[in-house]
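Colleague: Each chain is listed here by its residues.
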Amino acid sequence: MLAARGLTVEIAGVRVCRDLDFAVEPGQCWAILGRNGAGKTTLLTTLAGLRAASAGTIEIDGRPLSSFSPRELARVRALLPQDDSDAFPATALETALVGRHPHLGRWQWEGAEDLRIARAALAAVDMAEAEARDVRTLSGGERRRVTLAAMLAQEPRLFLLDEPSSHLDLAHQVALLDRLVALARSGERAIVMALHDVNLAARCCDHVLLLDGGTATAGPSAALLTSERLSALYGVPLRSLADGGRSVFVT
Amino acid sequence: MFRNAPSLVLTTLAALALAAFALALTTGSVALGPGMVARALLGFGDETQRLIVRELRLPRALAAFATGGELALAGALLQVLLRNPLADPYVVGVSGGAAVGALVAMLLGAAAWLVPGGAFAGAVVSTAIVFGLARGRGAWSPMRLLLTGVVVAAGWGAIVALILSLAPETQLRGMLFWLIGDLSSPPMTWTPLAVLLIALVIALAFARDFNALSRGETIAASVGVNVARLPWLLFGLSALLTAVAVSVAGAIGFVGLIVPQAVRLMLGNDQRVVLPASALGGGVLLLVADTLARVVAAPAQLPVGVITAIIGVPLFLILLARDRPR
Numbered sequence: 001m002l003a004a005r006g007l008t009v010e011i012a013g014v015r016v017c018r019d020l021d022f023a024v025e026p027g028q029c030w031a032i033l034g035r036n037g038a039g040k041t042t043l044l045t046t047l048a049g050l051r052a053a054s055a056g057t058i059e060i061d062g063r064p065l066s067s068f069s070p071r072e073l074a075r076v077r078a079l080l081p082q083d084d085s086d087a088f089p090a091t092a093l094e095t096a097l098v099g100r101h102p103h104l105g106r107w108q109w110e111g112a113e114d115l116r117i118a119r120a121a122l123a124a125v126d127m128a129e130a131e132a133r134d135v136r137t138l139s140g141g142e143r144r145r146v147t148l149a150a151m152l153a154q155e156p157r158l159f160l161l162d163e164p165s166s167h168l169d170l171a172h173q174v175a176l177l178d179r180l181v182a183l184a185r186s187g188e189r190a191i192v193m194a195l196h197d198v199n200l201a202a203r204c205c206d207h208v209l210l211l212d213g214g215t216a217t218a219g220p221s222a223a224l225l226t227s228e229r230l231s232a233l234y235g236v237p238l239r240s241l242a243d244g245g246r247s248v249f250v251t
Numbered sequence: 001m002f003r004n005a006p007s008l009v010l011t012t013l014a015a016l017a018l019a020a021f022a023l024a025l026t027t028g029s030v031a032l033g034p035g036m037v038a039r040a041l042l043g044f045g046d047e048t049q050r051l052i053v054r055e056l057r058l059p060r061a062l063a064a065f066a067t068g069g070e071l072a073l074a075g076a077l078l079q080v081l082l083r084n085p086l087a088d089p090y091v092v093g094v095s096g097g098a099a100v101g102a103l104v105a106m107l108l109g110a111a112a113w114l115v116p117g118g119a120f121a122g123a124v125v126s127t128a129i130v131f132g133l134a135r136g137r138g139a140w141s142p143m144r145l146l147l148t149g150v151v152v153a154a155g156w157g158a159i160v161a162l163i164l165s166l167a168p169e170t171q172l173r174g175m176l177f178w179l180i181g182d183l184s185s186p187p188m189t190w191t192p193l194a195v196l197l198i199a200l201v202i203a204l205a206f207a208r209d210f211n212a213l214s215r216g217e218t219i220a221a222s223v224g225v226n227v228a229r230l231p232w233l234l235f236g237l238s239a240l241l242t243a244v245a246v247s248v249a250g251a252i253g254f255v256g257l258i259v260p261q262a263v264r265l266m267l268g269n270d271q272r273v274v275l276p277a278s279a280l281g282g283g284v285l286l287l288v289a290d291t292l293a294r295v296v297a298a299p300a301q302l303p304v305g306v307i308t309a310i311i312g313v314p315l316f317l318i319l320l321a322r323d324r325p326r
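Protein sequences appear in the order of chains P and U. Mind the numbering: the first sequence is residues 1 to 251 in this note's numbering, read in order. Mind the numbering: the second sequence is residues 1 to 326 in this note's numbering, read in order.
Not one of these hints is a red herring.
Some, not all, of what chain U presents toward chain P, calculated at C-beta under 7 angstroms:
1. Arg208
2. Arg215
3. Ser222
4. Gly224
5. Asn226
6. Asn269
Reference listing, derived: stretches of chain P covered by chain U, where coverage requires no fewer than 3 residues with Cβ under 8 angstroms from a Cβ of chain U:
7. 88-94
8. 102-111
Treat the hints as calculated values from the structure; they're not laboratory data. Beta carbons: idealized from backbone N, C-alpha and C, even for Gly.
If we strip away everything but chain U, and leave its shape as in the complex, we get (with noise of 0.2 angstroms):
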């Protein structure tokens, strides 16, 4: 919390992400002008640029964002959770539940609107199945829970692979882009976003809860944290916020995993810090990640956790390169 000032860093990241959605709205097969987009959000300017900006760049925007954010602060709260700075979202086989949930709506041939419900079936059914058995009858520990969910997942895998094998060949490429993770058709503009600033809100008034808890279970008993129920809040709105960003958006790798890290190293581990950057930093990567995705490739588009990886990897690995423990 000493190392820069948080709200430098919080504004800096705020305009970042206003930078990148002004990105967004601008660039694609038709260029627009700043000041076209401005008039189209509000309203005026023809009506050929607000079907473009309205219908179609800012939806799809807003869950680029909105998933980013969802992954990354996901993310925070399940290392937070196992007390790994490894952890991933999909490390409780979130991801994998879902995609079979969504793979098998692909297979039965359901409308298009009915794939995010199926992704979304199949976190919850996940998320119940490695919270029932990590559980089992005593208390569960955060080593229990990481094997529960990595073992869950690679069951998932299987089936995945399954239905890959099993699947006719018009459905594979749908589904491949489905499992790299694909934002050109969000189902939901404002729900993910309002889901992302809910559960941020309710992380924050635990924030100091969580410093606690990551110099150890004991500790934070001892400076009065409810370590009985704590777990059970994180677990939670880490599941939810997967499963909506995975119903979204696909098996979206890697930004769960990376920013928090990236967070972290830039600025220590004071959750009251780390969360809301995280949200922030998550979101602007993946709306980046996602401009990007439109043009390098046009006409064709590129599935976005592709870009996501090749703009994270090297810009981890330079912030991992440069901090050195003092």
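If we strip away everything but chain P, and leave its shape as in the complex, we get (with noise of 0.2 angstroms):
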């Protein structure tokens, strides 16, 4: 679905990978670990087709990034941003509607099927009770919840997330998390996003990225994720304990 080709990616002068090559395909989910700063939004935003890498190709199911207009990239992928932001007043429903611009024409208003897709995506992160509420009086999870909601009702294919636990309690984190990786491997969809909590990489993500200080790996989890590769991506020792048939990271 999503492959990168000889891809370097630079921000300000800082390398954030050189020469990477990697495949994402469908029923994928997809890690990005890293230190602060290491360049996991820089990624993401570049493999969103947001920003131009330094070299090599981006290429979404055959069809390099450049080609597609915004519009249809919107259809086929999202971004959800690392801080929401609301400046004016505007409902919860209404901010998941705006995940219908890029299926509505220009002169098109939402119809029935948009409210019922914007709902049902409300439903989905549990803020179906919350639809006429005023974004601004929201807690910083709940909000969250609601840009999730949005980048669902988007209904796209390839999900590039930017810390999508982050203000989340455990148990919305997990859900969450659960659901969406649900929804990748269930259809034809893949997950690309930007962890800090290896834990929840380790349980969510079939694959990894580490992005260490310009070079980047990728591969399966299962070989990636190790205490001794972790150790040296974060400069902090860490050990694996194992759970059943999972493997746990501790300090």
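Build the complex from these two chains, which are given one at a time in their own frames, with help from the hints.
Modeller: What follows is the structure, given as structure tokens:
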């Protein structure tokens, strides 16, 4: 679905990755891991086609990103930003309906079907009750869920998520990520997300992309999520504890 | 978009606009009944009435309505562009440049019809300066544009003060009226209205993009809005609207800030409703204010900018006090 070849990404003279090759297949769930400032957001923005790469190509469904119009691209992929900004009042439902933008013509208004999709998206993030609430009165975690709902309403096939679990309580972190992963695995969809929680990555993701000071390594979680690699990545000694069939990383 | 039925609100505003026009055409030093006004408009009735209605009151009413609509629409667009509800058409320095242009024209003793030209030229020059400086070498951010506009406006303010202190006594009153905003001699009749209509149609074509943009640049880009090009459209439209408005009526403050705010408080933040409602609301506010400016101290005329503030401030404060985030 998403393929990068010879990808080099730089920001402000700092390299994020060089000559990186990887391919995200439908049904897969990828985690981007790395320290603060390693370039997780920059890489996600580049993969979303909102920022030019220094070298290399990115393709979605075999077509280079540059050949998509912004509207076409928006029907294929969605990017969840790290922060939610709401300078103006809007209800949760209005905010979720923003996700329908690429599916509507220039003079077209949201119809009954769009409303249904937006309401279903709010229900999927447990915010159905709050559809008439002003988003500025919601808590940080509730706002995060409304932003996630907008992205669900967009109905992309490729989800690019920048720290989707931030501000969420433990129950919603697990429930929402599980729901997203199930959505990806059930159909022709895929997820690439920047995460800080190694254990959440181990729990949800079958592939990882490690960003370590300009060198990026991509591969299956089973091979890359080891205590040695993660200790080197974060510069903190990590131990891996076996719990059933899973490993849990602790400092 | 779900607070009230938008079509009902827009219809009400359009009816209010018609009522404001009726009020403006019937009231004045010579009171005319609605029937007389209608006959005069259609070219019947006696010559004095035709002259009063068609040559004096109608052009002024049209100019007032168009100017108010332009300022309010420009304000609504700038608030989207800067993602700041406190932005108004003058924050990007347009009115300062226009004021300097107009005052220089007055100081040089230019013919009356050259003053609007000077104002328009000043507005364009100021826009170009702010535009160029805010862009700098890289991409521009709302904050950078806001700061550049505020600083350039302060610079124009100093030049205005300089001109006022150098100007001969006889010209001071005219200059002061221009600075407060005055509609007693509109230089154009239909052009401002045409500009308002065209700008509104263009803006409405992108209204849903503006909705997405007000949820943040990344979200907008994610749903397919061209976030590189949209700011130019917003800036260009609002600068054009403001430049036309100030050249017709001088620096009328306040309409551009308060009308979009009031509309948002009542109707929510769907730009497909906010933009036309702002244009209509701003037009009604300025038309009513100008009618009052003509009659309250008759035969003297007050600058309309004073009246807009006197009506607008309490109205806005009442709306603000009623609004409770839910």
